[in-house]
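Now for the letters of each chain:
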Amino acid sequence: MIRKSGNRFADKIMRKQRTMMPNSDHTTRRTFLTLAGGAAVLGAVPAVIVRPAEATPAMLSAAIRNVVGEANVRTGRVKLDIPPLVENGNTVPMTVSVASPMTTDDYVKSIHVFNEKNPQPNIGNFYLGPRAGRAQVSTRIRLADSQKVTAIARLSDDTFWSATADVVVTLAACTEEAI
Amino acid sequence: MPSALINVPSKAKRGDVIEIKTLMSHIMETGYRHTASGEVVPRDIITSFTCRFNGAEIFRADLYPAIAANPFLTFFTTVTESGKFEFEWVGDKGFSETASASITVE
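Quick note, the sequences are listed as chains A and B, same order.
Numbers in the working numbering are just positions in the first sequence, counted from 1, shifted up by 153.
Numbers in the working numbering are just positions in the second sequence, counted from 1, shifted up by 4.
Chain B with its partners taken away, still in its complex shape:
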């Protein structure tokens, strides 16, 4: 059951630098673990994360197996206008999830 947690302030002043926190629940299976019978557990990770504001990309990340389970990312952005943040996670085995958050700029 994939679910995302997003933390974006709902209001900000024009020109403020705001912090965005995101967490996506995901096992992030490394592909380096074995079962008790010795079989390799196939890799299953999120490989890329993108954040767009009103359609323009503001942050992107390539993730590797060295990112802990339930990838948690925080980053910053300058707000100049009201709008919508869109978040997208893409991964192995056809994993693709999106989330969004709106902000009002005064």
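This is chain A alone, in the form it adopts within the complex:
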């Protein structure tokens, strides 16, 4: 939306410039000022628009570091089931399952789910034990934007495994006004 209105503004400037061009062969002081002013306005637009707060990549990696510490996170063993295209970001079904025998020697300690662009990077932490029998958790989450969702599992030997899924959201959560 921002880009669209920006483009329209740029078109306007271009049109103005074109109508002015026949009057002079070189760039006049006026066209220069119009362009410079336009550019300044265009540059200022993103700063003026109030956007919902967004987790920054730094916040996301800090949240992940908070859970895994200095350990290496490997891809695999975790399966993140989430629809690739959702209409309503207010309630998105999500299932995380981990390939694990769930015995007393080898089980999943916890599952942590993170997102990229919600105001907060955390979605939920789920703590299991060998008694769970099956390392699988389902819930419904909110997504404020099209983004990546990451699930990280901590196994009993303190290794970390992850899976990431891309989700396209048509109606975002969190942005609507409360009554």
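Just so you know, not all the hints are guaranteed correct.
Stretch-level coverage of chain A by chain B, calculated; a stretch enters the list once three of its residues show a Cβ under 8 Å from a Cβ in chain B [unchecked claim]:
no., segment
1, 239 to 251
2, 269 to 276
3, 312 to 319
BS3-like mimics (lysine-lysine), calculated; alpha carbons at most 27 Å apart, straight line [said to hold, decoys possible]:
no., chain 1, residue 1, chain 2, residue 2
4, B, K88, A, K262
5, B, K25, A, K262
6, A, K270, A, K301
I should point out that these hints are in silico values taken from the structure, not numbers from a laboratory.
C-beta atoms are modelled at their ideal positions from N, C-alpha and C, and glycine is treated no differently.
Given the coordinates of chain A, assemble chain B onto it according to the supplied hints.
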């Protein structure tokens, strides 16, 4: 009016892995929404959920504003004996609710 929906099989065989489904009605206000007049609606969410079987914790979850309203959680457990599942939800503004379900193991 908080109310919980719990789905636990009433009977199971020893050693079976059963699925437990729970739903607690709650607004899960994120704290990021504004009213028409621009005031921030204060956060009001459930922050933690615990499930115990005969007193021992079998599942726990930390919830964040990114969990949808009316938090719905499903998870699994192995049943070894008859007993009682106790569920507890704790949240902002002193929110605290409990529910329970019994299972008979043959």
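Evaluation of the provided hints:
1. 239 to 251: holds (count 3)
2. 269 to 276: Three-residue rule met by the segment 269 to 276 of chain A, so holds; n is 5.
3. 312 to 319: Since 0 is below three, the answer is violated.
4. B:K88 to A:K262: 23 Å, holds
5. B:K25 to A:K262: Holds: K25 (chain B) and K262 (chain A) sit about 20 Å apart, inside 27 Å.
6. A:K270 to A:K301: 8 Å, holds
Hint 3 from the earlier list is the only one contradicted by this structure; the remaining hints agree with it.
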